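Final position of the sequence shown in the UniProt record's numbering is 332; the numbers increase by one with none missing.
Hint data in this document are derived by calculation from the structure and do not stem from the laboratory.
From a predicted model like this one, the values you see are computed outputs, not experimental measurements.
Certain hints may be false.
Stated by the list, open to error - In the SDA-like style, the derived pairs of lysine to any residue whose C-alpha atoms are separated by at most 25 Å in a straight line are: (1) K102 to H148; (2) K136 to I104; (3) K136 to L190; (4) K296 to D247.
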Amino acid sequence: MIRQFLTLGGVILGLVLGGSLGYVLIERWPFFDALYMTVITLTTVGFGEIRPLSPAGRAFTIGIVGSGVLTVTYGVSSLVRLLSEGKLGEYWRRQEVKRMLKTIKGHFIICGCGVVGSEVVEYFVRSRVPYVVIEKDREKIERALLLHPDLPFLEGDATQEEILKEAGIERARGLLALVGSDPENVYITLTARHLNPHLRIVARAIAPESVEILRRAGADYVICPQKIGALRLAAAALRPQASFFLDLLLRSETLDLAVEEIEIQPQSYLCGKTLGEANLPERFGILVVAIRDREKGSFLFNPQGNTRLGPQDTLIVLGRTEQILELQKLAL
Numbered sequence: 001m002i003r004q005f006l007t008l009g010g011v012i013l014g015l016v017l018g019g020s021l022g023y024v025l026i027e028r029w030p031f032f033d034a035l036y037m038t039v040i041t042l043t044t045v046g047f048g049e050i051r052p053l054s055p056a057g058r059a060f061t062i063g064i065v066g067s068g069v070l071t072v073t074y075g076v077s078s079l080v081r082l083l084s085e086g087k088l089g090e091y092w093r094r095q096e097v098k099r100m101l102k103t104i105k106g107h108f109i110i111c112g113c114g115v116v117g118s119e120v121v122e123y124f125v126r127s128r129v130p131y132v133v134i135e136k137d138r139e140k141i142e143r144a145l146l147l148h149p150d151l152p153f154l155e156g157d158a159t160q161e162e163i164l165k166e167a168g169i170e171r172a173r174g175l176l177a178l179v180g181s182d183p184e185n186v187y188i189t190l191t192a193r194h195l196n197p198h199l200r201i202v203a204r205a206i207a208p209e210s211v212e213i214l215r216r217a218g219a220d221y222v223i224c225p226q227k228i229g230a231l232r233l234a235a236a237a238l239r240p241q242a243s244f245f246l247d248l249l250l251r252s253e254t255l256d257l258a259v260e261e262i263e264i265q266p267q268s269y270l271c272g273k274t275l276g277e278a279n280l281p282e283r284f285g286i287l288v289v290a291i292r293d294r295e296k297g298s299f300l301f302n303p304q305g306n307t308r309l310g311p312q313d314t315l316i317v318l319g320r321t322e323q324i325l326e327l328q329k330l331a332l
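My request is simple: use the sequences and hints to build the entire structure.
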């Protein structure tokens, strides 16, 4: 689109300079008079001739008028086409995304917006998590825009350092490598880990044998939808009610209930206290499902009241969104 406007601007500038030079050569006018005559002729304001014109000068003026009409027609048709195709709005949306990415931090970068990526976007939108999508397939972007008109996206190859930097990878909270190729996901993971060693990277493995390769490349978590899907199918057959409950937690738009992880900061009120002293169920109506000990790296399920909370321990809690937000403030 910018190329079209630059082309139009170049044509107009060429007409102005060419017309001015023509009057200078044909009529021997001073350059400013020639420029003035060219401008009023192209804009058809109807001021008339500022000096008498020779037959050659009048013929030249006819040519300028015709060129001006053609240029205006081209400009108007280009603008109408851009508006009808939605490209003008898309251009401004891209500019808005670029401005946003210069200041955003703590966001997630979603690499790939196919079937899996679109589901992740849907979940992030419901969870109000800041994110940006990188996708090189134009058709996938257009399909995603139909569902989310305000989708923040960059059109490009997520394996390239430049596009990851443009997405603000140095300030990002995490990255999801979800493109439809295991080699590309490995390359994205390697590049992302190099650019931000502290980034949380979640990768998709299409083939089960790629799981270990992605871990070695630097992914913190590797999900194989094929394997997870098989386990969910088996669980739905064996434990249908439990599976239905988990689906509600993950996918329901009406149930105000969620599983969340909350990290205890060293300076927080909760650090050093036992669960009994913190009294989270009474104060917040929250159920502590498990605690991950940072030092041991292990999970303690169904912790008792005498369990003491240490710095950087992670609580896995079940509760309503508002209650979880209150607890998160207390854990800071």
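Hint by hint, here is what the structure shows:
1. K102 to H148: holds, 22 Å
2. K136 to I104: At roughly 22 Å apart (the allowed maximum being 25 Å), I104 and K136 satisfy the hint.
3. K136 to L190: Holds - the C-alpha atoms of L190 and K136 are around 19 Å apart, at most 25 Å.
4. K296 to D247: violated, 30 Å
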